[in-house]
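Produce the complete structure using the sequences and hints provided.
Listed below, chain by chain, are the residues.
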Amino acid sequence: MKNLIKTTILLCMLFGANSLMASDAKKADAINGASVWADTCMRCHNLRAPEDLSQRAWVYSINHMRIRAGLTGQETRDVLEFILSSKTDADEHN
Amino acid sequence: MGLQVGKFMSPIGQFVQNQHPSWINKLPMTPLGFGHDGAAPTSNVGMALRGGLPKIAGLRSNYVLFVANAPVYGKNEDNSIEGSLDTNGKTTSNGAQPTIGARYALNPVGGMEIGISGAIGEIVDVNNTLSIRDYSVMDIDFMYDLGAVALKAEYVKQEVGTSTLNSIDPDGGVWEALYLQASYQFTNVALEPVVRYSDYHNPDTKRNQIALGLNYLFSNNLIGKFSYEFNENEDATVSSSDVTNNDILRAQLAFGF
Chain A
0 MKNLIKTTIL LCMLFGANSL MASDAKKADA INGASVWADT CMRCHNLRAP EDLSQRAWVY
60 SINHMRIRAG LTGQETRDVL EFILSSKTDA DEHN
Chain B
0 MGLQVGKFMS PIGQFVQNQH PSWINKLPMT PLGFGHDGAA PTSNVGMALR GGLPKIAGLR
60 SNYVLFVANA PVYGKNEDNS IEGSLDTNGK TTSNGAQPTI GARYALNPVG GMEIGISGAI
120 GEIVDVNNTL SIRDYSVMDI DFMYDLGAVA LKAEYVKQEV GTSTLNSIDP DGGVWEALYL
180 QASYQFTNVA LEPVVRYSDY HNPDTKRNQI ALGLNYLFSN NLIGKFSYEF NENEDATVSS
240 SDVTNNDILR AQLAFGF
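Each protein sequence line maps, in turn, to chains A and B. All letters in the first sequence, in the order written, are residues 0 to 93 by numbering that gives the first Met the number 0. All letters in the second sequence, in the order written, are residues 0 to 256 by numbering that gives the first Met the number 0.
Keep in mind that the hints were calculated from the coordinates and are not lab data. Incorrect hints may appear among the rest.
No farther apart than 25 Å at their CA atoms in a straight line, the calculated lysine-lysine pairs in the PhoX-like style are these [what the hints assert, rightly or not]:
| id | chain 1 | residue 1 | chain 2 | residue 2 |
| --- | --- | --- | --- | --- |
| 1 | B | Lys54 | A | Lys26 |
| 2 | A | Lys86 | A | Lys26 |
| 3 | A | Lys25 | A | Lys86 |
| 4 | B | Lys205 | B | Lys156 |
| 5 | B | Lys6 | B | Lys156 |
| 6 | B | Lys54 | A | Lys25 |
Here it is in structure tokens:
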């Protein structure tokens, strides 16, 4: 059992290092965000329109969905950029 | 990478952690064995590390690694099995080894996810904390969204080991469940028919269910659901009028915030 725990900790460190290397943050890309949004969100639920939530609520929602959908940090920023850029003038006050 | 600390939905499989909210679940009820006290673990108290991985050969994938307090086991006073395997997150392991588990999921094409997950550890008898048994769970899940058509499937198996210290149920047992689901969203009317087969076996019972549903989408997050469930207890000694053999009509209005 102790070996198993050691192995798990080692795996955590490896994954952590991998993710840190992958977190070379780039500017949010709305086009990639649209692709990730289309490929990922509908797997589980009906799509929510950008005007359903305020700008602030989308930030919370997308960070929650990052955990639920297993997105990278960059994919999360890209999807948020796509959602916010899709909001119309009519709901811009949100 | 995301870090969860405290109580969280079980990362094993996809139904419990992602499909259970009423506005997401296509039918009013969970598949057999995927609700509380079924074959699929419900929640954990512990720590989980999770997130997306950089693309490998152009494919997206994601992972979860977790360690959590051990579940508990114990027959009811009437020796019935219902609820005896308690996988709701506990604030203590009662001296048992913690549960250590992982899930890895691959997205071979857009809209598709294939996941495999499992965990091992120990489980403590609720009526005899000296009686600690081996515990394991494994799961395979599949989701594919083809636009109008959505397919989902999952198989889960939990195993409780033997106990030499407990005269009640010393042999442990296996809890396993499976579901297969297909749904179709019409484009010209806001209707969505659904069909789901689910099957649940535990040491005391073998049951299956075919559920037919029809949803009306007032909006993408306000859904009226109707379903008819054909239930069958596979144990021939159980009366056909037993509650586990009853067919059930359900209606539900679900709103997602």
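We went through each hint and held it up to the structure:
no.	hint	in the structure
1	B/Lys54 x A/Lys26	holds (18 Å)
2	A/Lys86 x A/Lys26	holds (19 Å)
3	A/Lys25 x A/Lys86	holds (22 Å)
4	B/Lys205 x B/Lys156	holds (14 Å)
5	B/Lys6 x B/Lys156	holds (22 Å)
6	B/Lys54 x A/Lys25	holds (15 Å)
Going through the hint list in order, the structure satisfies each hint without exception.
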